[in-house]
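**Student:** These protein sequence lines are chains A and B, in that order.
Each residue of the first sequence is one higher than the one before, counting from 1 in full-length UniProt numbering.
Each residue of the second sequence is one higher than the one before, counting from 1 in full-length UniProt numbering.
Take the hints with a grain of salt, since some may be wrong.
Each pair may be met inside one copy or between any two copies, as identical chains are not told apart.
As the list claims (entries may be wrong) - List time: in silico SDA-like cross-link candidates among lysine to any residue, alpha-carbon distance up to 20 Å:
id: 1; residue 1: 93; residue 2: 232
id: 2; residue 1: 208; residue 2: 86
id: 3; residue 1: 208; residue 2: 218
id: 4; residue 1: 43; residue 2: 91
id: 5; residue 1: 49; residue 2: 230
None of these hints come from the bench; they were simulated from the model.
Number of protein chains: 2
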Amino acid sequence: MTDASPPHPVIILVEPQLAENIGMTARAMGNFGLDALRIVAPKGGWPMKGVRETASNATHVLDGARIFATVAEALGDLHYVLATTARERGQMKRVFGPDEGMAEAAGRLSAGERVGILFGRERVGLSNDEVSLADAIVTFPVDPDHASLNLAQSVLLVAYEWRRAAGRAVLPFLGAMRTGPAPREALISLFESLEADLDAAGYYPPSKRDGMIRNMRDMFHRMAMTEQDVRSFRGALRALTRRPPEE
Amino acid sequence: MTDASPPHPVIILVEPQLAENIGMTARAMGNFGLDALRIVAPKGGWPMKGVRETASNATHVLDGARIFATVAEALGDLHYVLATTARERGQMKRVFGPDEGMAEAAGRLSAGERVGILFGRERVGLSNDEVSLADAIVTFPVDPDHASLNLAQSVLLVAYEWRRAAGRAVLPFLGAMRTGPAPREALISLFESLEADLDAAGYYPPSKRDGMIRNMRDMFHRMAMTEQDVRSFRGALRALTRRPPEE
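Isolated chain A (complex conformation) (with noise of 0.2 Å):
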């Protein structure tokens, strides 16, 4: 974590067993721009073989990564937990989703607290007595008859919330037009353009006229037209209406 960088949850994975979840997990993270990752217990112990294959350029997350024998002890420094489950677990915690509980968990990060995630097993996920050390729960608005999330795809969704939730969701890129949208005398221009040009060819039944052009206007208005666009269609009307060099 630089120092420019606001405060990130911690993600904190217990007892997982495949490499490649662990591996997929860091990409995630590194993704939405989380890197503080926490094990519990790794089977296989660490570093695990074949961790970093799938961890993309994320492999920063698997080197920080802190190793912990107990979940208690992996909690240890942390001022608000949530756990993440995909059942309910009877237990009369606050339950969110995952968009509610990053914006718990940013407000409580902003404020100085030390905020953890905890995810489970890949195939039972957390004990009762692990969701018991955590303030809150964390679910996932899954299809009832698909409920079963891959555990890095669960981070992913957190870290994505986490994102959006500080306020840094920013899209790498936008949809900028390269010349501004083109003034309306331009398009008239080239409506009038075209409509004489399809004069001249006889395109218009006469009693149809009026009505085909107001279409045909329409039409030319949804496409938004930038300058360029309009310069473009000009010289292509140009290309078509040109009469073939005599021979």
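Given the coordinates of chain A, work out where chain B should sit on it, guided by the hints.
**Tutor:** For chain B alone, coordinates are given in the frame of chain A:
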């Protein structure tokens, strides 16, 4: 897609290479209620060995997948197409985040349009010509230093946002308390019992008693106790203050 389900967008993978990404895509689609998958020229043919292993119980998505030779054919019957891309293409199209893109898609779907979302190859994404076949672009608000989203991860974010935009993002359970909040008289009665026991135990220095009582009442109020919580607490208090049986 069952008759009861609202119209869904179609997910279109262009030349996906890794079986596990296709399986994980199907799983991610299933998680958020999508089931229409099209694949353009899958590397290694179709059915592809190993796709089912990572699909969890979303094998119905794979079984229903339609295979096409070209992107143009895969889009043939659609009315509105979004292309996902991580980088600027210099194309003058609208650029959406996944939330805005799926809001647009949901609106068009409910107006009866068929909508598809294009996802490119794992390493190189979509070609400029393929992006050019789309009406608009979807890109993701990633950290620019770690911008590479896994294929199935980007499908997951789109599926998640579609479910939200379609108004179907219902959490599988809520944090409903098993009993209602305790009425104030039960709380005050608990406070008075506790304070009487602490008086009897000589806990309060007389000069600080009033302040300490107020602070502890504040702690209890922050618990937002239910009726059952009050009963449990009273039972615990009785157990602690019970005289040991005479020997």
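**Student:** Would you mind marking each hint as holding or not holding in the structure?
**Tutor:** Status of each hint after checking the structure:
1. Only between protomers do residue 93 and residue 232 lie at most 20 Å apart by alpha-carbon distance; the minimum there is 17 Å, versus 62 Å within a single protomer.
2. When the C-alpha separation of residue 208 and residue 86 is checked against a cutoff of 20 Å, the pair qualifies neither within a copy, at 63 Å, nor between copies, at 47 Å.
3. Taking CA atoms no more than 20 Å apart as the test, residue 208 paired with residue 218 passes inside one copy only; the shortest distance there is 16 Å, against 80 Å between copies.
4. Proximity of residue 43 to residue 91 under the C-alpha cut-off of 20 Å is found in neither arrangement, the shortest distances being 28 Å within a copy and 47 Å between copies.
5. Neither within a single protomer nor between protomers do residue 49 and residue 230 lie at most 20 Å apart by alpha-carbon distance, with minima of 58 Å and 51 Å respectively.
Hints 2, 4, 5 from the list above are not met by this structure, while the remaining hints are.
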